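Protein chains: 2
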Amino acid sequence: LLPGASAIPVTPALLVDNAALEFNLTTMTSRRPGTALRPHVKATKSTDLARRQAALGHVGFTCATPRECEGLAAAGLGSDLLLANQVVDCRRLGRLVDAGHRVTVAVDSEATIEAAASGGVREVLIDVDVGMPRCGCEPDDAPRLADLARDKGLSVRGVMGYEGHLMHEADTETRRTKVAESMEILATVHSNVGGDVVSGGGTGSWDNNEVVTELQAGSYSLMDGDYGRLELPFRRALSVLATVISVNPKGWAVADAGLKALALDSGPPTIDGASVWFCSDEHIVFSGLDVRVGDRIQVWPMHVDPTVAKHENLWLVDGDTVLDSWPVDLRGW
Amino acid sequence: LLPGASAIPVTPALLVDNAALEFNLTTMTSRRPGTALRPHVKATKSTDLARRQAALGHVGFTCATPRECEGLAAAGLGSDLLLANQVVDCRRLGRLVDAGHRVTVAVDSEATIEAAASGGVREVLIDVDVGMPRCGCEPDDAPRLADLARDKGLSVRGVMGYEGHLMHEADTETRRTKVAESMEILATVHSNVGGDVVSGGGTGSWDNNEVVTELQAGSYSLMDGDYGRLELPFRRALSVLATVISVNPKGWAVADAGLKALALDSGPPTIDGASVWFCSDEHIVFSGLDVRVGDRIQVWPMHVDPTVAKHENLWLVDGDTVLDSWPVDLRGW
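Chains A and B, in that order, are what the protein sequence lines are.
The first sequence maps to residues 2 to 334 in this note's numbering.
The second sequence maps to residues 2 to 334 in this note's numbering.
Incorrect hints may appear among the rest.
[Stated by the list, open to error] If the Cβ cut is set under 8 Å, some of the chain B residues that face chain A in the computed set are: (1) Ile-9; (2) Arg-96; (3) Ala-100; (4) Gly-101; (5) Glu-283; (6) Gly-295.
To be clear, the hints were calculated from the coordinates, so they are not data collected in a lab.
Being a predicted model, the structure only gives us computed values, none of them experimental.
Beta carbons: idealized from backbone N, C-alpha and C, even for Gly.
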């Protein structure tokens, strides 16, 4: 039971434990200093949090959406942005380039190369399928696409390949072996494509991906509940503060954080010491805790990224002390 | 495949089919005219859509959060708002009452009655547990709570009981029988508590709940995919417009609507004619459709309420023609 966090007027509210965040940030930086880490902002969607990462030396960021690029640029963090996704209309990115920001976009097809060139983006990475069925070209096709991009006047900074299918592999050695196999594909493609950049990886491969020149980790700072199954040093920093609104004499209680405040895609949230029965839109029903109406409790989400995206701001806290309120200012597309 | 919706610049985007919406609204109104329907705005979170319901004669609204009450009041729709949820701090609602809006709040405990009285709310409904393990007092305890509320100076308008556990019961006759059993509890409590209002029900009990004086249906206007399992006349009006961003020669394609744009709590979304493989944060991966990069497709969410809450606006469309853009202005808490 959380004693108060009494300066937070409305629940549900997102809490970030400052000590856990700081530990996670510095732990990652010690292994991946400077440009060896390109933090992914899709997990956190906060320019204030990104500024903490930049202060540690990570001045380039990974984005999933044009809105994230625009928001980082507006916040003065646009010195080296990578949109690590395919974009069919690059004109918004081109406007950022025209305004003096550096934006590189991933491409995996003739159409997305054409979109980059015609939209005013000047730098690309060739995105390669390294084993997860999602975006990325066939490895054999990468040199042709790189040549096509250069013919269109684009600078090919290198390659990208995300081994996302391996991030949540629980066994450390299995994960290490499979990441190495996946990254062998990327290394081979890189040798055929050229450029300085090999971009990829994430929190689950933070200490075993030996190929990428820059790791695209994002979740490490706030830490998914689901990553807790892995042997990783990062600590859970994100929770949802909720208020108990009803206690039923038949043995359950209800708090005001439901599935509009908590992502359920990676499994139900947890409450320390309690059994969670279910979530509905605005409620979480649980048993096993001795609570009264008005008590505040902490709920732990299993998946950080979509949970953050449901909220307007993050409350940075040290125990019961509120240190800051950070807007979740990179939401939307 | 959607030919264009070309006036919509950014995907993913929420589409509302105007003809389906209009059909749903008028179908419900014909069965539940005027105050016999108190539309729940938690499903739609749009004051523009609420205005359409008010124009059909439904001038009282059901809300799940103080923010929804505040937004409706600011939009001039605050003549009779019900916050159908327990609230521990009613001061924001009291301020709406002070400003001349009518706000009634559900109470199920001494603590929430005290919160209503001290927060400046003057009218309550006694919320009763009618079979779903969530909020609501024991039926036998309702008269005591009503007396307590009156002692505190509150007006008890009546009772509320939500048979939410029966909304998605697929068999029509089973649903009718179980709803009747559940509502028998509420009718008995009402005879002991008094007041003019018996509030409850939802889309799944729209034509079989014979007890409530006002139905709290919300999903009927846009229609959940999951309600499609039931024999209901309402039509799917809400979809997510997505752009194909990658087509893999090994047989799958990727569009730009992932689990940040689509709620997955009631099951994976569907694409007509395709097999959906999985959703990640910003992607939906599927097979079985002959698509090219840049094509736009429609994705059908299974659960309307949390899907709407992920977006900034709704695009009201008639086929490929955009009629209006409605802000999702009732998000948050």
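Problem - Hint numbers not upheld by this structure, sorted from lowest to highest - result: Violated: hints 1, 2, 3 and 4.
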